[in-house]
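Residue numbers (our numbering), protein chains in the order written: chain A, 1 to 139; chain B, 1 to 64.
Keep in mind the hints are simulated off the structure, nothing from the lab. Glycine included, every Cβ here is placed at the ideal spot set by N, Cα and C. There's no promise every hint is true.
[Unchecked claim] Beyond 12 Å from chain A on every Cβ pair, some chain B residues (computed): (1) T2; (2) R27; (3) I33; (4) E58.
[Said to hold, decoys possible] With a cut-off of at most 27 Å between alpha-carbon atoms, the simulated DSS-like pairs for lysine-lysine come out as follows: (5) B:K37 - B:K55; (6) A:K8 - B:K37; (7) B:K47 - B:K6; (8) B:K55 - A:K41; (9) B:K37 - A:K6; (10) B:K55 - A:K11; (11) B:K37 - B:K6; (12) B:K37 - A:K68; (13) B:K6 - A:K6; (14) A:K8 - B:K55; (15) A:K6 - B:K55; (16) A:K41 - A:K8; (17) A:K41 - A:K6; (18) A:K68 - A:K6; (19) A:K8 - A:K68; (20) A:K11 - B:K47; (21) B:K37 - B:K47; (22) B:K55 - B:K6.
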Amino acid sequence: MGCVPKSKAEKQYMKRMLVTMSVYLVLVFGATWAVRHAHVKGWLLVVCAVVPSLAIFRLLQVVGLYLKEETDEFVRQQMVNAILWGTAAVLGLSAFTDFLRSYTGTGELPPFTMFVVFWMVFALAQGIQSLRNRVGGDD
Amino acid sequence: MTNHLKALRAELGWSQAFLAERLEVSRQSVNAIETGKYDPSLPLAFKIARLFGRKIEEIFEDAE
């Protein structure tokens, strides 16, 4: 994902990601405001809890669309690797904390930790791969 | 798998960027194939072979 010029699929991915993240931020702030200040209750409260996650589903769809549209198989493989790294980190961490919670009653992580961990490891894996596969001067 | 992509490219005086453009992949991909970091799929290997007018086995060799 880090090489220039970007492919058509990569440009689409960046555009969709930007739009989705913007919508996500609006939804999160909107839902938070509604819960904290408008004191919504009942089914509206459930709606406020569900709505921001819709943007997350879209985010995952955007990644899926990129994998479908990217014609450069090597670049696509790098993305898949990053997803696998993120997934491994989340599954490993959740297994560890689940065992900890089961045996000691401690180890509960704050909400959204797994989500943040996934994207951080995903970004880290992409950065490492970009460094590993950087190209020098052309001959 | 090993390959002779770099040598074949040099014979024709092509740059990685030019080859990447002809193959419709990134230069990063060409570099990864040349340095043995990545083995291309069969369709891409065929595309490379067609481009150089060679058989696949003349470009790619089993390392064993």
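Checked hints:
At the 12 Å boundary, the C-beta of T2 (chain B) stays outside the reach of chain A, the nearest C-beta of that chain being 17 Å off. Distance to chain A contradicts R27 (chain B) as a non-interface residue, since its nearest Cβ pair spans about 6 Å, not more than 12 Å. Residue-level check failed: I33 (chain B) sits 8 Å from the nearest beta carbon of chain A, not beyond 12 Å. With 12 Å as the threshold on Cβ separation, the claim that E58 (chain B) sits away from chain A holds: the shortest Cβ distance comes to roughly 22 Å.
Proximity of K37 (chain B) to K55 (chain B) is assessed by CA-CA distance (about 21 Å); at most 27 Å being required, the pair is judged to hold. With a C-alpha separation of about 24 Å, the suggested pair K8 (chain A) and K37 (chain B) falls inside the 27 Å cut-off, and the hint holds. Simply put, K47 (chain B) and K6 (chain B) have alpha-carbon atoms about 16 Å apart, close enough for the 27 Å limit, and the pair holds. Restraint check for K55 (chain B) and K41 (chain A): the C-alpha separation of about 70 Å exceeds 27 Å, so the hint is violated.
For the hint linking K37 (chain B) to K6 (chain A), the alpha-carbon distance of about 21 Å falls within 27 Å, and the restraint holds. At most 27 Å may separate the alpha-carbon atoms for a hinted pair to count; K55 (chain B) and K11 (chain A) exceed this at roughly 35 Å. Note on K37 (chain B) and K6 (chain B): the hinted pairing holds, with a Cα-Cα distance of about 13 Å set against a maximum of 27 Å. Straight-line distance between C-alpha atoms of K37 (chain B) and K68 (chain A) comes to about 23 Å, which keeps the hinted pair within the 27 Å bound.
Under the criterion of a C-alpha separation no larger than 27 Å, the hint pairing K6 (chain B) with K6 (chain A) is consistent with the structure, at around 23 Å. With a C-alpha separation of about 31 Å, the suggested pair K8 (chain A) and K55 (chain B) falls outside the 27 Å cut-off, and the hint is violated. Taking the CA atoms of K6 (chain A) and K55 (chain B), the gap is near 31 Å; set against the 27 Å cutoff, the hint is violated. With a CA separation close to 45 Å, the supplied pair K41 (chain A) and K8 (chain A) exceeds the 27 Å bound.
Taken as a hint, the K41 (chain A) and K6 (chain A) pair is broken in the structure, with Cα atoms around 46 Å apart against an allowance of 27 Å. With a C-alpha separation of about 16 Å, the suggested pair K68 (chain A) and K6 (chain A) falls inside the 27 Å cut-off, and the hint holds. A distance of roughly 12 Å separates the Cα atoms of K8 (chain A) and K68 (chain A); the hinted pair therefore holds under the 27 Å criterion. A distance of roughly 25 Å separates the Cα atoms of K11 (chain A) and K47 (chain B); the hinted pair therefore holds under the 27 Å criterion.
For the suggested pair K37 (chain B) and K47 (chain B), the alpha carbons sit about 19 Å apart, so the restraint of at most 27 Å is met. A distance of roughly 16 Å separates the Cα atoms of K55 (chain B) and K6 (chain B); the hinted pair therefore holds under the 27 Å criterion.
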